[in-house]
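Number of protein chains: 2
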Amino acid sequence: MELSDLQLIIISSPSGAGKTTLTRRALDAFPDLTFSISHTTRAPRGSERDGVDYHFVDVAEFERLRDEGAFAEYASVHGNFYGTSVNELERARAEGKRGLIFDIDYQGARQIRAKLPHATTVFILPPDLIELERRLRGRGSDDEETIRRRLQKARAEIEQYAFFDYVIVNDALDRAAADLIGIIRAERCKRQIQALRAEALLR
Amino acid sequence: MELSDLQLIIISSPSGAGKTTLTRRALDAFPDLTFSISHTTRAPRGSERDGVDYHFVDVAEFERLRDEGAFAEYASVHGNFYGTSVNELERARAEGKRGLIFDIDYQGARQIRAKLPHATTVFILPPDLIELERRLRGRGSDDEETIRRRLQKARAEIEQYAFFDYVIVNDALDRAAADLIGIIRAERCKRQIQALRAEALLR
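Chains as they are written, first to last, in my numbering: chain D, 151 to 353; chain Z, 151 to 353.
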């Protein structure tokens, strides 16, 4: 399967840094991009819907799919499996989309990047760890133990910024969204991508 | 002189591809950037003002400045000299600006890039050569011989896209401006630039 003609935008962040909201903003700005719906074994949160936000499956089903080679990438994060199916990439192409946006944790991001080196990786940072804690509590969907574990992991996760092409500090949502949209535009203007148009102009 | 903390955005294009208009749009979007006013030996065109659009000097004055080492870069383009003075870079820093936008021909762009490798280089392409000819004639400031020579050079100039980081096809001004603004935003989000903020968050 040849994927190098699809624009792949991978968005990761420590839990609660706002990547889901920013991903929606980017999808609104680019109708030619589609959201990559991951498979996961974790329980749905809040208003999440099966087949829209995630494909929710149990561990046995996830392992069956994995063993069949159904995943382009997968990872275990916070004790749950997450994966991107090859089907998902084929769907984007069949729909005539120019690319996909992935909203995934950093382990998954590093795996996708290793398999698809032309992917653009963006890391969203919370403005500070106090603000991150406030957002996790404000979400109201996690118990105290879960919040404590996520904050402990947040510090370790922030260090993962070093593996990403771009880093956005989400201290103001509109500015952060404009940064993300700018990155997607800029990536489309890279010389290597535009070379075909330049050469067509010369003929 | 240490310039690596200034964002340097170099915009080049074949004559008439619209780089001056796009440069103005970018300056409107980023008050923390300033326009680098080049020295040139060519005659002012239309409403161009000395000390605003260019520092207009004669060949003897240009050569005197060059020999004094006053230029960070200079080049001969279409039979005229163009140069960026070291003073201009120092002015940006003294004014507390984050960076400069350079509107220069490709020979100058290649020289600046060689001297300042962290500069971001953007090449503006006209949508096609017929449109480029229409724009040159529409400008009304050049005679037939000048227009003919510029078109001949345009083909050779278009091939210079290969030396630039980004290529924007100016087939729709608003979209091209959004692309340029996106590139400047994206460059500010590059991991290497944001590393200081990420490390501060961890302390």
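No wet-lab data here; the hints were simulated from the structure.
There could be a bad hint or two in this list.
As the list makes no split between identical chains, a pair holds if one copy fits it or if it spans any two.
Stated by the list, open to error - When the alpha-carbon atoms are kept at most 35 Å apart in a straight line, the in silico DSBU-like pairs for lysine-lysine are as follows: (1) LYS247 <-> LYS265; (2) LYS265 <-> LYS303; (3) LYS340 <-> LYS265; (4) LYS247 <-> LYS340.
Note that this is a predicted model, so its numbers are computed, not measured.
**Message:** Hints numbered earlier in the text: which of these fail when held up against the supplied structure?
**Reply:** Checked against the structure, no hint fails, so every one of them is satisfied.
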